[in-house]
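A.B. asks: Please take these sequences and the hints and turn them into a complete structure.
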Amino acid sequence: MSATPASTAYAVGVTTAPAIEVHGARRAYGNVVALNDVSLRIDARATGLLGRNGAGKSTLMKAILGLVRLDAGEIDVLGENTRTAGDRIRRRIGYAPEHECLPPELTAADLVRHLAELRGLSRTDAIRRASEVLFAVGLEEERSRVIGSFSLGMRQRVKLAQALVHAPELIILDEPTNGLDPIQRGEMLEVIRRVSHDLGVRVLISSHILDDIRRTCDHVVVLRQGSVTLDRPLAAAAGESDVLRIETVEPVAPLAAGLSAAGLTCETIDDCTARVAIRSEVDRDLVRDIAATTGVGLRRLHPDGPSIEQQLLEAIG
Amino acid sequence: MSQAKIHDVRYRPYEGEIKGSTRRAVASMARWSALRALGARRPWTAKIVPVGLALVAFGPAITVLGIKALLGSDLSDRLPGDIIPFATYYQLVAFAILAYAAIVIPETLCPDRRSRVLDLYLSTAMSPREYVLGKVLASAVPLLAVTTLPLLFLYVGNVFFSDTPLGYIETHLRELPTLFIGGILIAFVYTLMGLTIASLTSRRAFATVGFVLFLLVTGLIGGLLRGPLDLGPNADLVNMQFQPVWLAQKIIGEAPADAIQNGPLQRMETPDTALLIISNALIVLVCVGVLALRYRRSDA
Chain W
1 MSATPASTAY AVGVTTAPAI EVHGARRAYG NVVALNDVSL RIDARATGLL GRNGAGKSTL
61 MKAILGLVRL DAGEIDVLGE NTRTAGDRIR RRIGYAPEHE CLPPELTAAD LVRHLAELRG
121 LSRTDAIRRA SEVLFAVGLE EERSRVIGSF SLGMRQRVKL AQALVHAPEL IILDEPTNGL
181 DPIQRGEMLE VIRRVSHDLG VRVLISSHIL DDIRRTCDHV VVLRQGSVTL DRPLAAAAGE
241 SDVLRIETVE PVAPLAAGLS AAGLTCETID DCTARVAIRS EVDRDLVRDI AATTGVGLRR
301 LHPDGPSIEQ QLLEAIG
Chain S
1 MSQAKIHDVR YRPYEGEIKG STRRAVASMA RWSALRALGA RRPWTAKIVP VGLALVAFGP
61 AITVLGIKAL LGSDLSDRLP GDIIPFATYY QLVAFAILAY AAIVIPETLC PDRRSRVLDL
121 YLSTAMSPRE YVLGKVLASA VPLLAVTTLP LLFLYVGNVF FSDTPLGYIE THLRELPTLF
181 IGGILIAFVY TLMGLTIASL TSRRAFATVG FVLFLLVTGL IGGLLRGPLD LGPNADLVNM
241 QFQPVWLAQK IIGEAPADAI QNGPLQRMET PDTALLIISN ALIVLVCVGV LALRYRRSDA
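Heads up: the protein sequence lines correspond to chains W and S, in order.
Position 311 of the first sequence, counting from 1, maps to 311 under the numbering used here, and the rest follow consecutively.
Position 143 of the second sequence, counting from 1, maps to 143 under the numbering used here, and the rest follow consecutively.
Just so you know, these hints were derived from the structure itself, not from any lab.
No experiment lies behind these values; they were computed from the predicted model shown.
Nothing false has been slipped in among the hints.
Sample of chain W residues lacking proximity to chain S, with all beta carbon distances greater than 10 Å (derived):
| id | residue |
| --- | --- |
| 1 | N31 |
| 2 | R193 |
| 3 | E267 |
| 4 | T273 |
| 5 | T294 |
Pairwise CB distance ranges, derived in the manner of DEER restraints:
| id | chain 1 | residue 1 | chain 2 | residue 2 | range |
| --- | --- | --- | --- | --- | --- |
| 6 | W | E100 | S | L200 | 21 to 27 Å |
| 7 | S | P43 | W | E100 | 20 to 26 Å |
| 8 | S | L173 | W | T84 | 50 to 56 Å |
| 9 | S | G52 | W | S227 | 55 to 61 Å |
| 10 | W | S227 | S | L216 | 55 to 61 Å |
We put the beta carbon where it would ideally sit given N, CA and C, even for glycine.
C.D. replies: Written as structure tokens, this is what we have:
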């Protein structure tokens with residue numbers, strides 16, 4: 001890496017440092033505490049920041065970008081501190097704000113190209129990269145249309161494309177499904193999932209919708225009134241279980257015996273009801289398969305007790 | 001079940017160099033903003049005002065050179081000096097310059113605030129200072145086309161139609177750099193004034209009206225101080241309409257009295273040169289201060 005006062009070239013590559021480390025972050029606006037001693041470490045491919053409106057998600061994202069000054073605490077992003085290296089960090093990450101922020105008179109290709117140039121790409125590279133990222137987010141056909149003629153879902157994709165154009169190591173998406181109808185929302189979540197898992201870009205996404213996070217993320221951080229109330233992987237961890245309540249048409253005993261034989265902890269409640277602790281989707285499939293093998297008809301299969309979903313809902317408050 | 005899988009999403013990690021360069025960011029901001037303000041890649045209606053004003057600025061030069069082309073050497077017998085001396089050219093095109101500053105310059109700034117794209121720009125590594133610098137260039141460089149090119153066109157035309165082209169160049173050589181300096185001064189000061197007023201609102205119409213009102217009100221006050229109150233030409237220092245034009249005229253040099261008397265313009269007494277330099281410097285300082293206040297990272 002070479003450095004001169006007028007022009008600094010930044011190596012493009014994936015750092016080994018954690019994506020984000022927050023240590024005791026605190027930020028208040030008057031009497032309102034937006035972040036209250038937040039500490040967390042984010043390093044999953046896709047991390048969801050979940051919380052109600054006003055929980056502090058946007059403030060935390062802007063603090064990660066170095067756009068909000070903390071009253072106390074430190075944030076390191078990709079191994080660099082936001083207080084001292086805000087510009088360098090912003091060059092290495094992509095950001096899509098929550099609110100409407102696209103000039104309606106520009107075409108999608110022109111805007112993405114312009115933002116690529118602002119982020120330090122040469123004119124030739126900016127043209128090529130704009131084309132690539134618009135293709136990746138599914139806007140290749142519409143790239144020459146002015147943004148003012150786009151639907152909300154397409155504008156959200158343009159925001160995602162501009163965040164990706166300089167091949168950042170991390171992208172931060174603030175409420176990317178806000179205002180989208182169910183079909184657009186599903187498409188957007190699919191694109192985000194592809195970005196994090198197929199394109200290898202780490203993603204931090206905020207939402208107040210639990211389902212959005214479940215469908216796109218591997219890890220979740222829940223904020224409530226500026227404090228972290230939950231910070232965990234979305235998949236059940238080793239040794240951790242969700243409890244399923246099984247209701248059957250025929251007596252449940254053969255199924256319970258089969259599940260016990262397969263190594264699952266199963267408790268019979270009555271003739272046609274049992275509870276089984278599962279650790280993963282494989283265990284869930286096992287319940288279905290053993291029911292089929294033993295010829296026990298399943299009437300209902302649903303979470304029982306404190307599932308991950310319930311934990312999340314409790315944490316959101 | 002099909003095992004087909006899409007392997008190519010035509011996206012690959014960028015392997016080129018990313019420059020953390022102020023120059024590249026400013027140049028990109030200036031180019032895109034200038035193109036937008038001049039109506040590039042937009043419907044033809046967006047091009048009418050900037051192109052029309054540029055043509056108006058060239059109008060007197062084209063007229064003068066047209067007359068010279070028609071009358072040829074007969075003209076020198078009738079008019080001892082130039083039809084329009086360089087120093088007074090700005091008085092003829094002041095309307096075009098002010099209209100450009102009032103209408104076109106807000107176009108470079110207001111839409112960014114209105115569509116909130118400014119937040120997006122500042123979330124990149126671009127600093128507010130680089131953003132404003134890009135906007136100054138985006139406004140000032142096209143304005144130079146209005147303040148400098150017509151005079152250079154007239155100069156070249158005068159050389160071409162002169163009976164002794166080399167003699168004309170020899171006589172008017174000193175004026176050539178002053179045309180550049182005067183043009184740049186006018187473009188720069190009006191750009192800053194236009195951008196400063198535009199920075200106070202997100203609506204282009206408000207910025208245009210605000211700029212026009214600002215000039216009218218200060219002009220009216222200047223007129224009152226100078227006319228009814230008879231405070232002399234220095235009272236015009238409160239008049240913001242022509243501060244840079246007057247200074248540019250002083251730089252280019254007063255036109256010969258006989259040329260003025262025989263030409264279409266009357267000489268007007270203007271404030272002292274030293275005071276004009278100070279007042280223009282103050283305008284620049286105030287504008288830079290307001291722009292710095294309006295464009296800073298609000299929180300970090």
